[in-house]
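The sequence shown: position 70 = 69 (numbering that gives the first Met the number 0), numbered continuously.
What the hints contain is simulated information worked out from the structure, not anything from laboratory work.
All figures in this text were calculated on a predicted structure; none of them were measured in a lab.
Careful, some of the hints might be misleading.
[To be verified] Distance condition first, Cα-Cα at most 25 Å in a straight line; then the derived BS3-like pairs of lysine-lysine:
{"hint": "1", "residue 1": "Lys-27", "residue 2": "Lys-6"}
{"hint": "2", "residue 1": "Lys-14", "residue 2": "Lys-27"}
{"hint": "3", "residue 1": "Lys-33", "residue 2": "Lys-14"}
{"hint": "4", "residue 1": "Lys-33", "residue 2": "Lys-6"}
{"hint": "5", "residue 1": "Lys-14", "residue 2": "Lys-64"}
{"hint": "6", "residue 1": "Lys-71", "residue 2": "Lys-14"}
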Amino acid sequence: MKKEGAKSTVLATEKLLIENKTIFIDLKENGAGKFYQIAELSNDRRSTIVIPDSGINEFIDSIAKISAADSKESE
């Protein structure tokens with residue numbers, strides 16, 4: 000999604016330390032609109048996904064469904 004010369008502005012950011020991973024969650028904005036960038040830093044490797052602002056609620060709902068199903072299996 001990142002285009003050469005495209006500038007984005009960070010509107011909000013969170014940093015999570017989970018096990019041996021550092022996870023950055025950024026809300027950014029560029030000429031195309033707002034988007035979430037989720038980056039994982041682990042063992043000096045960085046992996047990133049980008050989710051358009053219009054799809055964040057569907058993304059969160061999907062994670063909640065998977066988490067609920069996993070919780071039921073653990074019982």
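Within 25 Å, alpha carbon to alpha carbon, are Lys-14 and Lys-64?
24 Å, holds
For the pair we were handed, Lys-71 and Lys-14, check the Cα-Cα distance against 25 Å.
29 Å, violated
Are the Cα positions of Lys-33 and Lys-6 separated by 25 Å at most?
Measuring from Cα to Cα gives roughly 12 Å; hence the hint holds.
Pairwise hint evaluation, Lys-27 against Lys-14, where the allowed Cα distance is 25 Å at most:
15 Å, holds
Given the hinted pair Lys-33 and Lys-14, is their Cα-Cα distance within 25 Å?
Given that 25 Å is the threshold and the Cα spacing comes to 19 Å, the pair holds.
Is it true that the CA of Lys-27 sits at most 25 Å from the CA of Lys-6?
Holds: Lys-27 and Lys-6 sit about 10 Å apart, inside 25 Å.
When held up to the earlier numbered hints, the structure conflicts with hint 6 and nothing else.
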